[in-house]
Amino acid sequence: MKKSNEFVYSGAILTGLASRSGETSRTHRLYRDGHAAETDFKAAVDRDEKKILSAQKAFAYKSGGQLAWLDALRPLTRCFQGFALRETGGDDAVGPVTRWFRTNTFYRKPLVNGKLDVKDGGPADFLPSLPNAVAFLPAPYTFARLVENSYYESEEALANDYAKAVAKSSKKLQEKGYRCLLLSDPYVGYEISKGKRNFPEWIPAAVSKAKTQGIKLGINFPLASAGDIVRLGEDSNADFIGLDATHSSDFKIDTEKDVLLGVVDGGRAIVENQDAIESRVEEFLAGANFSGNYYIGPNDRLFDVPFETALEKIGALSAFRVSQ
Amino acid sequence: MKKLFTTQEVGSLQRPLWRQKLNAPLQKSDLNEALVWGARFGVEERKELVNDKGTGLLQKKQPHTEDEKRRIVDIATLYAIRLEELSGLDRVFDGEQPRTEMYDFLAQQVNGIQTSGVLDSFDANYFKKGIVSDRVRVSENGVTTFAEEFDFVKKHTNRIAKPCFTGPYTMADWSYLEYYRDLTESKGERGNKAISDSRREAILDFARNVLNPIVLRLVKSGAKVIQIDEPAATTDERESKVFVEAINESFKGVPNNVEKAVHMCYSDYPSLFPAIADSVANSYLIEFTNHASPTKFREEDVDRDTFKTLQLFKEYGLKANVGVGVIDIHSDLIETPQVVKDRLMFAAKVLGNPDAVQVNPDCGLRTRRWDVAFPKLCNMVEGAMLARSEFGE
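From first to last, the protein sequence lines stand for chains P and E.
If you're matching positions, the first sequence starts at 1 in this note's numbering and goes up one per residue.
If you're matching positions, the second sequence starts at 1 in this note's numbering and goes up one per residue.
By construction, these hints were calculated from the structure, which means they are not laboratory data.
Hints may be right or wrong, so weigh each one.
Taking lysine-lysine pairs in the BS3-like style, the calculated list, with each CA pair at most 27 Å apart, reads [claimed, not checked]:
| no. | chain 1 | residue 1 | chain 2 | residue 2 |
| --- | --- | --- | --- | --- |
| 1 | E | Lys47 | P | Lys42 |
| 2 | P | Lys42 | P | Lys172 |
| 3 | E | Lys224 | E | Lys154 |
| 4 | E | Lys224 | E | Lys193 |
| 5 | E | Lys128 | E | Lys47 |
| 6 | P | Lys109 | P | Lys257 |
| 7 | P | Lys194 | E | Lys69 |
| 8 | E | Lys69 | E | Lys2 |
| 9 | E | Lys296 | P | Lys196 |
| 10 | P | Lys51 | P | Lys119 |
| 11 | P | Lys119 | P | Lys109 |
| 12 | E | Lys296 | P | Lys109 |
| 13 | P | Lys257 | P | Lys216 |
| 14 | P | Lys42 | E | Lys128 |
| 15 | E | Lys28 | P | Lys42 |
| 16 | E | Lys241 | E | Lys296 |
| 17 | E | Lys220 | E | Lys193 |
| 18 | P | Lys209 | P | Lys50 |
| 19 | P | Lys50 | E | Lys220 |
| 20 | P | Lys51 | P | Lys109 |
| 21 | E | Lys296 | P | Lys194 |
| 22 | E | Lys2 | E | Lys241 |
| 23 | P | Lys51 | E | Lys193 |
| 24 | E | Lys224 | E | Lys187 |
| 25 | E | Lys61 | E | Lys21 |
| 26 | E | Lys187 | P | Lys194 |
| 27 | E | Lys224 | P | Lys194 |
| 28 | E | Lys47 | E | Lys61 |
| 29 | E | Lys252 | E | Lys296 |
| 30 | E | Lys154 | P | Lys196 |
| 31 | E | Lys224 | E | Lys296 |
| 32 | E | Lys61 | P | Lys109 |
| 33 | E | Lys224 | E | Lys2 |
| 34 | P | Lys196 | P | Lys209 |
| 35 | P | Lys196 | P | Lys172 |
| 36 | E | Lys193 | P | Lys252 |
| 37 | E | Lys296 | E | Lys308 |
| 38 | P | Lys115 | P | Lys194 |
| 39 | P | Lys196 | E | Lys224 |
| 40 | E | Lys69 | P | Lys109 |
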């Protein structure tokens, strides 16, 4: 076990898409219905992004919340080859509207009907230029479980090609300022809650295929208790593992990697105070065996709390100071 | 003899801008919209909104008085009723014109909920999520509000008026249940147990203290069919039993001659089995189309879960109607009557009983402009007629 002077706090990191303000949501609806201009809608999104960015103080890597993405998968259908696209109707994605885990949020399930590869600039085409930024993408396992596949013979092959396409996107991401890529793997925790205990051996290897030089790779496991998933991250080439503190019963973990500790609950309206954050961090530091280097963040995306609450939660993360 | 393939809307229609902007300046195009649709639907009251003398409610300088706002909403409701009648629907309601939004409108009538903020659900669709800070209970005014809404529609249509409102499971799921969470934690519970117990107590409180008083009041007002909307039905598939328990509590005391309908959408329906066999509801309106082709129907394109749901209804011998969603509410592409008919015939074949099949869009058509929603509904009704003709009706 490490001593307190061997721990290094490296800042906070968001862990996924953020919510939009009520004004932006309303403008989006007006735009959809032909009552507002696209420029009005984009300006509203830009305003929200600026607020999210400016709320992030002492963050290791910053994000604008990927507000234009709408869901975690749809832009991928346009920046990767291998997806079925709709020819008419003004909506590129083909698949059915599907619930996002246990939330009142939905995504359009993409249909994979060809070999996955990066197209044009890849995900960078759907992200703003930002210095020292983090990008969020689905982890290979979650990706493979969330899409409809009619091309690949195995989930492993699908996940591997997706991860390779992500790796090939890295250069363009770096050109836009991205220095961290966080892969989110909620499907693991979701399946654990349904009783699943054994996961495919290929999961860590698929994550490793997304790793490239010059960009830090994280793998986050929302909805899961830390002890249940740490091996999946440990066996990969990821630089750090994201642990969900609010869903963890304890922190008895053993890893050589850095850790991103999800101390802010993305599913509750209550904004965590400093005492609550500090006690979670202290509990973790007392129980876990890890590299000693840690970040803090939300346990999951801040999409399921109102914009103003999300800003307050980001503020709470910004205010965190290591007690001496 | 029972009419085959009863047609109905699920609930919402888009609210025209002149209805939305009760407190905001109107454009000339808003006034024109009121005139054009009013003439098309034969709503005489349109002249109260806009007239040649320039004295119409929408032409008056704002702010409107409360009476004027109420009248504008009433006239918007008449537009929605006429839209549904002219489409040919057997059952109509008000397109939720008097309401703000499906969660928020009911939440405003409930003691114990404070407004939180707006959350996106899908694309440009969003909902308000409240914070529950006390035990939930519908206000006396809330019960009256729903009764008055129903009475208004009943008075202005000769079709069957079908009131609908958000169900207990969805109301609880779309709220931050802070009061109930604190309550269970104060009893020493922690983690997942505290979460699931607090959810259960809140869901049943919404059923007993909020939904049931409204339902019973509507029965007293003469409602022959009542629809509870549960889009969140399978959000947590481990809660199917409490979902059914809440439906039963909501309909407690409702006589047998009143149809008890539940609408669900974009959900994992098979996860409701076998619990749903214990439900007192006798109609389920479900989404079935979800982005399928508007012009072609192929059995192999039917989503496996939806297909399985129909099979399960048959397998469990549920004596319930199934309202089959034949209209995609997330697309401007307009389904042909033929594709509607093909979907209905397929559902009738799988269920093995055309008597049990009702006809509706996947969900409320609030997502589509009227110039899209109206032809979609017209074609839906025509498709139902084509299906009936296959059975000699």
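Outcome of the hint check:
1. E:Lys47 / P:Lys42: At roughly 38 Å apart (the allowed maximum being 27 Å), lysine 42 (chain P) and lysine 47 (chain E) break the hint.
2. P:Lys42 / P:Lys172: holds, 23 Å
3. E:Lys224 / E:Lys154: holds, 11 Å
4. E:Lys224 / E:Lys193: violated, 40 Å
5. E:Lys128 / E:Lys47: Roughly 34 Å between the alpha carbons, so the hint for lysine 128 (chain E) and lysine 47 (chain E) is violated.
6. P:Lys109 / P:Lys257: violated, 33 Å
7. P:Lys194 / E:Lys69: It is violated: about 50 Å lies between the C-alpha atoms, which goes past 27 Å.
8. E:Lys69 / E:Lys2: Answer violated: lysine 69 (chain E) to lysine 2 (chain E) is near 41 Å, above 27 Å.
9. E:Lys296 / P:Lys196: violated, 39 Å
10. P:Lys51 / P:Lys119: violated, 31 Å
11. P:Lys119 / P:Lys109: holds, 19 Å
12. E:Lys296 / P:Lys109: Between lysine 296 (chain E) and lysine 109 (chain P) the Cα gap is close to 20 Å, so the pair holds against 27 Å.
13. P:Lys257 / P:Lys216: holds, 12 Å
14. P:Lys42 / E:Lys128: holds, 22 Å
15. E:Lys28 / P:Lys42: Holds - the C-alpha atoms of lysine 42 (chain P) and lysine 28 (chain E) are around 25 Å apart, at most 27 Å.
16. E:Lys241 / E:Lys296: Judged against 27 Å, a Cα distance of about 37 Å means the pair is violated.
17. E:Lys220 / E:Lys193: violated, 39 Å
18. P:Lys209 / P:Lys50: It is violated: about 33 Å lies between the C-alpha atoms, which goes past 27 Å.
19. P:Lys50 / E:Lys220: violated, 53 Å
20. P:Lys51 / P:Lys109: violated, 30 Å
21. E:Lys296 / P:Lys194: violated, 37 Å
22. E:Lys2 / E:Lys241: At roughly 32 Å apart (the allowed maximum being 27 Å), lysine 241 (chain E) and lysine 2 (chain E) break the hint.
23. P:Lys51 / E:Lys193: violated, 37 Å
24. E:Lys224 / E:Lys187: With Cα atoms ~43 Å apart, lysine 224 (chain E) and lysine 187 (chain E) exceed 27 Å; violated.
25. E:Lys61 / E:Lys21: holds, 13 Å
26. E:Lys187 / P:Lys194: holds, 26 Å
27. E:Lys224 / P:Lys194: violated, 40 Å
28. E:Lys47 / E:Lys61: Measuring from Cα to Cα gives roughly 17 Å; hence the hint holds.
29. E:Lys252 / E:Lys296: violated, 42 Å
30. E:Lys154 / P:Lys196: Distance ~52 Å between lysine 154 (chain E) and lysine 196 (chain P) Cα, so the pair is violated.
31. E:Lys224 / E:Lys296: violated, 35 Å
32. E:Lys61 / P:Lys109: Since the Cα atoms of lysine 61 (chain E) and lysine 109 (chain P) sit roughly 47 Å apart, the hinted pair is violated (cutoff 27 Å).
33. E:Lys224 / E:Lys2: holds, 15 Å
34. P:Lys196 / P:Lys209: holds, 25 Å
35. P:Lys196 / P:Lys172: violated, 37 Å
36. E:Lys193 / P:Lys252: Roughly 21 Å separates the two Cα atoms, so the pair holds.
37. E:Lys296 / E:Lys308: Distance of about 21 Å is within 27 Å: holds.
38. P:Lys115 / P:Lys194: Given that 27 Å is the threshold and the Cα spacing comes to 31 Å, the pair is violated.
39. P:Lys196 / E:Lys224: Distance of about 45 Å is beyond 27 Å: violated.
40. E:Lys69 / P:Lys109: Measuring from Cα to Cα gives roughly 42 Å; hence the hint is violated.
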